[in-house]
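*Asks:* Take a look at the letters that make up each chain.
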Amino acid sequence: MSKAATKPEFALMAEFRSSRELLHAIEQSQAAGYTQLEAYTPYPIEEVWEALGQHKSKLPLIVLIGGIVGAFTGYLLQYWVSVINYPVNVGGRPLHSWVSFIPVTFETTILFAAGAAVLGMFALNRLPMPYHPVFNVPRFALASRDRYFLAIGSWDPKYDRRATEEFLLGLDPFEVNEVAS
Amino acid sequence: MTKFDHPAEVPSTSRRSRIDLASMREHLQDARGPRFWRSLDELAETEEFQELLHREFPEMGVELPGGVSRRRFVQLMSASLALGGLTACTRQPLEKIVPYAQQPESLVPGRPLYFATSMTLGGVASGLLAESHMGRPTKVEGNPEHPASLGATDLFAQASVLSLYDPDRSQVITNLNRIRSWSAFVEDTRRETLASTRLRLLTGTVTSPSVAAIAQQVLSEHPQARWHQYDAVTRENVVAGAEMAFGEVVATRYDFARADVVVALDADFLTTGPGAVRYARDFMSRRRAPVDHPEMNRLYAVESMPTATGTVADHRLPLRPSQLAGFAAALAAEVGLPDAVAPAGADVGGQGEWLRAAARDLQAHRGSSAVVAGDYAPAEVHALAHAINGHLENIGRTVIHTAPLEAMPGDQTASLASLVDDMAAGEVDILVMLQCNPVYDAPVDLDFTTVLRQVGRRIHLGLYRNETSEHCHWHIPAAHYLESWDDARAHDGTISLTQPLIEPLYDGKTVAEVLSVFTEEGSRSAHGLLRSYWQGVLGESGFETRWRKALHDGFIADSALPPTGVTPGTEAAAETTALIAGTDQIPDGVDLAFRPDPTIYDGRFSNNGWLQECPKPLTKLTWDNAALVSPVSRTPRWSR
Amino acid sequence: MTAPGKPPIVAPGHTPGSVTDQISSIVLTRMPRWWWAAFGASFALVMMLLYALTKLVFEGTGIWGLNIPVGWGFAIINFVWWIGIGHAGTLISAILLLLRQEWRTSINRFAEAMTLFAVACAGLFPLIHVGRPWLAYWLLPYPNTMDIWPQFRSPLVWDVFAVTTYATVSLLFWYVGLVPDLATLRDRARQRLAKITYGFLSMGWRGSATHWHNYETAYLLLAGLATPLVVSVHTVVSFDFAVGQLPGWHATIFPPYFVAGAIFAGFAMVITLAVPLRTLFDLKDFITIRHLQNMGKVMLATGLIVAYGYVIEIFMAWYSGNWFEEFMILNRIQGPYRMQWYALLLCNVLAPQLLWIKRVRSTPALLFVVAMFVNVGMWLERFVIVVTSLHRDFLPSSWGMYAGTRWDWAIFVGSIGLFLALLFLFIRFLPMISIFEMRTIVPKTQAREPDEVSP
Amino acid sequence: MSQIFKPSTNTLARVSMFGAIFFLAILAWVLVTLNRSSLATRQGIVLQQPVPFSHDHHVAGLGISCLYCHTTVEESSFAGIPPSATCMNCHKLIWNESPMLEPVRESYRTGRPIEWTRVHDLPDFVYFDHSIHVAKGIGCASCHGRVDQMPLMYQAESLQMEWCLECHRAPEMFIRPRTEIYNMEWVSTDQETEGARLIADYRVQSKLSCSVCHR
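Protein chains in written order, with my numbering: chain A, 68 to 248; chain B, 2 to 641; chain C, 559 to 1013; chain D, 1052 to 1266.
Please keep in mind that the hints were generated in silico from the structure rather than gathered at the bench. Treat the hints with care, as some may be off.
[To be verified] Cβ pair distances, simulated, as ranges:
| no. | chain 1 | residue 1 | chain 2 | residue 2 | range |
| --- | --- | --- | --- | --- | --- |
| 1 | C | G620 | D | F1179 | 28 to 34 Å |
| 2 | A | L162 | B | Y115 | 26 to 32 Å |
| 3 | C | G629 | B | Y507 | 38 to 44 Å |
| 4 | B | A627 | C | G620 | 35 to 41 Å |
| 5 | A | P161 | B | H553 | 53 to 59 Å |
| 6 | A | N156 | B | S526 | 56 to 62 Å |
| 7 | C | S878 | A | P161 | 54 to 60 Å |
[Unchecked claim] As a list, the in silico DSS-like pairs of lysine-lysine whose alpha-carbon atoms are at most 27 Å apart:
| no. | chain 1 | residue 1 | chain 2 | residue 2 |
| --- | --- | --- | --- | --- |
| 8 | C | K753 | D | K1187 |
| 9 | B | K97 | D | K1143 |
| 10 | C | K842 | C | K916 |
| 11 | C | K842 | C | K855 |
| 12 | C | K916 | C | K855 |
| 13 | B | K617 | B | K140 |
[Said to hold, decoys possible] Beyond 10 Å from chain D on every Cβ pair, some chain B residues (computed):
| no. | residue |
| --- | --- |
| 14 | R199 |
| 15 | A404 |
| 16 | L506 |
Idealized CB from N, CA, C, for every residue including glycine.
Here chain A stands alone, though its shape is the one from the complex:
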């Protein structure tokens, strides 16, 4: 269990043995009026982020923009090179031979879109972040194995060190830990 901390703690974190318990805990917490919740699972569980109210990711939009930028970059590069900067007559083909420009345009579209997807994902997830308070909990290592964690942020308006801990303990967790900040 938690020790007395000199600094104000970051959050309280309950450990569960199954995803069903976690989902149940999320429901209960939300019913109890907690809003600043975060769940940690060893693998993606759609119900969890749905339960936490995350329905739509911004990522598809980012990828779309990336793809459009890539397409324009590729095509305009080829147009500028082949028509404006370095016009060369190759076998009588038009300088703006758009058919020949399609493969490269396609490739840059994919490249930029994929780059946007990866960078966007990291950006939306605020990564890289090698240090995070949750790692202060030794048992959090099991979040990447088979345990499910629910954390309630100390900035939650309804947060109270003792009451919240009591509440979490009432959800039948494996244990509850204080997350030092």
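Given the coordinates of chain A, assemble chains B, C and D onto it according to the supplied hints.
*Replies:* Then chains B, C and D, alone, in the frame of chain A:
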């Protein structure tokens, strides 16, 4: 007396591996006058020093044995340096500009100058126009004003500029593999030759009047001296054929521009032989059928191997070389040569119909036809060709006979054989081999190399250190024609002048210069020899103007040999046909025909990469030499 | 999930915990002896490759067997072979993900790694064949002092873009897939250096709901992007040939035929690697007979498409009425390289027919043998396409013959060494099976509730 | 599991990510700049010469025409470097004892040429012809700069291919009347219209294909 060991035994002449005073004294003892040596090793002629010399000036260009060669090392070093930085970022090394101190007149840097000169092959000259950039010859083209070629060249002339810069050319005068100077050679040789009288000169075919003159001078000053000429690609059958037909040696050339019907008897006149470029031009002018010649000419080619001429022919008849004489005799009989006898077995494989058609065509074009015998066809074929041309009234129209081009026409193989006999009998004291390579190209049954060893002193002049120079005491690097003053006759007899475009790169000498050493006056320059000869011929008055004009043009105007009024005797021809008729026309076995290589010639151009790369006509072989065998003959049928 | 009669995709009895422990322990414990031997052997081949490449840089491409008319030889053959092999990984990961084929999970990770390493090997060949490899960056459009640019109408430039994009996207896809597993390793590692390294590489992955949400979206989008990409890459590679006018190259069948061939070759290589690895690392629980069977089926299907391509080539030669096309086919059948063509038919058409038999599909050893045939066959296919088309030029005077020199072979075999060495390093340092995705499928494959089992 | 990293690592990680991109960009910029700098091109760098010949003095001071020494610029690819004899035309009489000119006198005496260091050196795979440029209205100063203001000769332009193409792609921006070829001070008042007219007058066909220069 200087010791003359056999060069092959050179290393063994000084087995001493250490320097000892005795040997040095011995060497100094018989030295007269000042003598120089660079080290005691050289003086004592130690084995190590000979080895060192050999390494420094390798005889056949052997690379240093074992390990990484210096060349390889430098390659690797420069490649790694190039990789050292981003090559696009490297800056160029600083270069120098070296202007003239006194700029020659009419030279514009960056623009070429052109000089008329000429190159000889097999003794016969072709007129050239050589391009020179700031004193360096770079390209050779035909001299458009030269009457014998009208501006065309063959591939040998085109590629000759590469030979000039060939780093494998012989670069130093050597005596027993030691580097010597020209003056040492002159001194040494003159001392010997004055005492000796049995001098032998061996050259290739010579048409040059000035070389012939100096050779004659040598012969007259040395009563026991003889001059032999030998070329592996010899035209002696042409000479012998002319002698058979006319009783005297005459040269034959053709005017294909006036010939409506041509019968070629194993004659590749369009691509090989001295007049080929002119013949091709004339012949082809009649293929374009201009307005005044509404009809094309017609070519009947009989040939024993595929040639470019055969591919152009309207009618081509492949024939074994041994059947050619029979064919010629049959043709002579068919065109109606009086008393000519057609051999009985000549009509083999339907060639009779072909022959009769050709003969009818010839008869229909009396005075505008030509029967051409190939350079390598037997003398009888030449004789019969002359007789047919005479009978058809072609002589003086399409076939022109002149005095011989050669300074000494004759049977070269017999000449070489008599030289070999003399050498074997120990009757030759000095043998001077000028621009020839008999050890390589003499007929093998003469065993030239063995008898050569019996000659006391052997001197060789050549562009390369070759097989012959390996067996000689003295080797002298020859000047390339682009470095030489010389003259020679073109195929029509026009005197063509050779002038240098560059100072000899390796101090090479010309044939005339080496010959001059054996004369009373002693060593003279090629320019002096040539000029004084022509001064004597052309006369003093107005010489300078005429000489300058000739040098500018590249030839002496109107010096082509005039036609001689000879006619072939028909009786001799009839006798020849009778003689041929008596021989078997369908011999057994395989005919073996040796021909000069279309690009390497007699082997002298083997170090010229351009010629090696040039595909040979029809076979397209490069860098190779093949025995051509018909697919039919390849089957075991004939070997039974 | 498991249909009756089909073997499961994960052996019974596994929990997320046991899956995690078993896979991560391969990385976190010492490697077995054979690993060192195998890595040592492939490393020796890498050294041979480096030696041959050094020789190549110093001497130039003259050390290869290239000549006129065969101006394209081992370099392009190996390039197309490797890039073909490199197709399976992305295909398994992306297309099978989109098709919701869950059996892909246990093979996608090392198939992706295989893709990356195969593309690396493939990329080597265009770089070294340019003659001056240190100037290979001239292929890319960048502002230079010469003020000139690549020629965008050339399929070779398309190829540069296609292969570069493919390599980059494959790397991103692979890395993104690795992030949660790197976090797992970070949490499991005991040595400080390993902790820090995996910690850095995992970027602080916490597995929060937000993370997973964005992650799943990104992964799905990447799969969606990679799917057309994987098809486009070999299409563009086939354009290198098809846009040329040589009989045997100038064919519209080439793009689909090349893509099918690539999948064919890629799956063969996955089987080649999976069969020994599942035995050596005792991964039979995760790479089950079911996987092998499915891959066998894919190979059979794509192999039939490839065979169809061969038939169509012959048909088109006759149907086009083109003299040179007809000659090209006749020359394939009777020419000096006919043995290669027959061997190719044996390897690519006959050998895969064994896969109709279920016994063969479910016997790892037999499957391995068939896969080896296909590996060889696909190399031969590229050899036949490149060399037989080139060595008989339009004019008989320009005909020639081609054979690789020892340097050609050294670089080819060396590239296999490079591939294997990279693969062994990957096995050593990274989880070769996606742990988090295994955790995902374990609960679904188990009859009982696994969460009740406490650690 | 316990914390592996300190909180500051987060900042470090982000900074290093952007830093890497920034570093690569800087590296590319440095390489590109170096490649165009006088370090690679020798633009504007005075090279050591055997005689400190001043174009400033001879051209601007004495008014000697370019053609007096560079005689072949109108007829040849090479503009020509004067032989020592050209120098001695004047220096037999003036400055004939100057120690600076000793190499010239020595060359004239001995016939051994002076070895100048080449200032304008195109790579060997570039074929440049002075005569056609002069004939089509490109002035000396366009490529060689204000030679009349150079006490010691240096390369005024980069001579990189992009520099060549700059003119070849838009010759009207650089062409001048043929009468002004050797005029160092000539400046157009209306280059664009005048240039277009001269292009038509001189029938300039500015070539861009590779084989024009790389034969």
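*Asks:* Now look at each hint and say whether the structure bears it out.
*Replies:* Hints and how they fare:
1. C:G620 to D:F1179: 28 to 34 Å: Holds: the Cβ-Cβ distance is about 31 Å, inside 28 to 34 Å.
2. A:L162 to B:Y115: 26 to 32 Å: Since L162 (chain A) and Y115 (chain B) have Cβ atoms about 44 Å apart, the given range 26 to 32 Å is violated.
3. C:G629 to B:Y507: 38 to 44 Å: holds, 40 Å
4. B:A627 to C:G620: 35 to 41 Å: Violated - the Cβ-Cβ distance for A627 (chain B) and G620 (chain C), about 26 Å, lies outside 35 to 41 Å.
5. A:P161 to B:H553: 53 to 59 Å: Since P161 (chain A) and H553 (chain B) have Cβ atoms about 56 Å apart, the given range 53 to 59 Å holds.
6. A:N156 to B:S526: 56 to 62 Å: Since the Cβ atoms of N156 (chain A) and S526 (chain B) sit about 59 Å apart, the hinted range of 56 to 62 Å holds.
7. C:S878 to A:P161: 54 to 60 Å: 28 Å Cβ-Cβ, so the 54 to 60 Å window is violated.
8. C:K753 to D:K1187: violated, 72 Å
9. B:K97 to D:K1143: Between K97 (chain B) and K1143 (chain D) the Cα gap is close to 26 Å, so the pair holds against 27 Å.
10. C:K842 to C:K916: holds, 19 Å
11. C:K842 to C:K855: holds, 19 Å
12. C:K916 to C:K855: holds, 10 Å
13. B:K617 to B:K140: Since the Cα atoms of K617 (chain B) and K140 (chain B) sit roughly 22 Å apart, the hinted pair holds (cutoff 27 Å).
14. R199: holds, 48 Å
15. A404: holds, 47 Å
16. L506: holds, 20 Å
Hint check: violations occur at hints 2, 4, 7, 8; the rest are consistent with the structure.
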